[in-house]
Structures are given as C-alpha cells and as structure tokens.
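Undergrad: Sequence:
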Amino acid sequence: IRGPDALVEHARRARAILERPKSNRLATERLTDASCAKTARNGLHSDGLGLCLQVEGKARSWVLRFTMPGRAVRTERYLGLGRFPDVSLREAREKAAEARALIVQGIDPIARRREQEERQRKANERNERERNSATEHAT
Numbered sequence: 025i026r027g028p029d030a031l032v033e034h035a036r037r038a039r040a041i042l043e044r045p046k047s048n049r050l051a052t053e054r055l056t057d058a059s060c061a062k063t064a065r066n067g068l069h070s071d072g073l074g075l076c077l078q079v080e081g082k083a084r085s086w087v088l089r090f091t092m093p094g095r096a097v098r099t100e101r102y103l104g105l106g107r108f109p110d111v112s113l114r115e116a117r118e119k120a121a122e123a124r125a126l127i128v129q130g131i132d133p134i135a136r137r138r139e140q141e142e143r144q145r146k147a148n149e150r151n152e153r154e155r156n157s158a159t160e161h162a163t
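Letter 21 of the sequence shown, counting from 1, is numbered 45 in my numbering, and no numbers are missing.
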C-alpha cells in the first residue's frame, strides 16, 4: 500500500495496537523506572510500540524505532529522545507518543527536529547580529 491509503492503514494499525491490553502489546513486559536503572545488559530493551532503552556500558538513552509509511524503501529509523535519567520513563513515553502521532500524519520526526534546530540556529544568529549592531551603534 502506498500514498494516502498507507497512512490510513498505518493509523488503523497503530490504534489497534494502542487499544490492546498493555500485556498484549509488542513488548512482553513494560519497563519500569527501577528496571531502567538496574539494567546492565548492553542492547535495546523494549517498552513497547517502538520505545526502547538503549544501554551501552553505563550510558542509557531513550530511542524510538520506527519506519515511515508510504516510502518505497522501508528502512528502520531511530529517533533519540534523551538520556536516562535526565528523561524519565514517563517523559520518554510522552515524547514517543508525540513522534508516533507525527509519523501517522506522514511527517518524519527526525526531519522535523532538524528543521526546528535550523530555525533556532538562524534565530540565534539573527539575535546575535542585532546585539552586535546595537553595541556598535551605542559606542
């Protein structure tokens, strides 16, 4: 399925997954704050619906595994959501839900983040130029 029909089908499947009992989602056991802090095994530890805790040594971070619907080549993508414990399990779930909502609309959350960062960088540069010109005129 390609095009708009793919988005509708993807949204239908996502809703069906969310409507399942929590125990019947993609992960057999959901993560807890305690299990996130204790996990020592390197790798991805799934919370369900693509949200994973990535463990590498002592470092822990949240990632969302996803594919964009409607693309000719369906490659798995990883969206970083922040470091644990700076980003709690609850916050990671909320960020993942927001990203999944974008994906269902056909918006790539990684591209959107890059666009926002670029807009912020340009705004910061503009503000810096304005401060510098104001300082030059004041002297």
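Check before you lean on any hint, since a few could be wrong.
[Said to hold, decoys possible] Okay, the calculated beta carbon distance ranges per label pair:
| # | residue 1 | residue 2 | range |
| --- | --- | --- | --- |
| 1 | R95 | N151 | 23 to 29 Å |
| 2 | V32 | R145 | 33 to 39 Å |
| 3 | K82 | E115 | 18 to 24 Å |
Hints are computed from structural coordinates only; laboratory data are not their basis.
The beta carbon of each residue, even a glycine, is placed where N, CA and C say it ideally should be.
Undergrad: Work down the list of hints and note, for each, if the structure agrees.
TA: Cross-check of the supplied hints:
1. As the Cβ distance of R95 to N151 is approximately 37 Å, the hint placing it in 23 to 29 Å is violated.
2. Checked against the given bound of 33 to 39 Å, the beta carbons of V32 and R145, roughly 36 Å apart, stay inside it.
3. Hint check: K82 to E115, Cβ distance near 20 Å, so the stated range 18 to 24 Å holds.
When the structure is compared with the earlier hints, a violation turns up for hint 1 alone.
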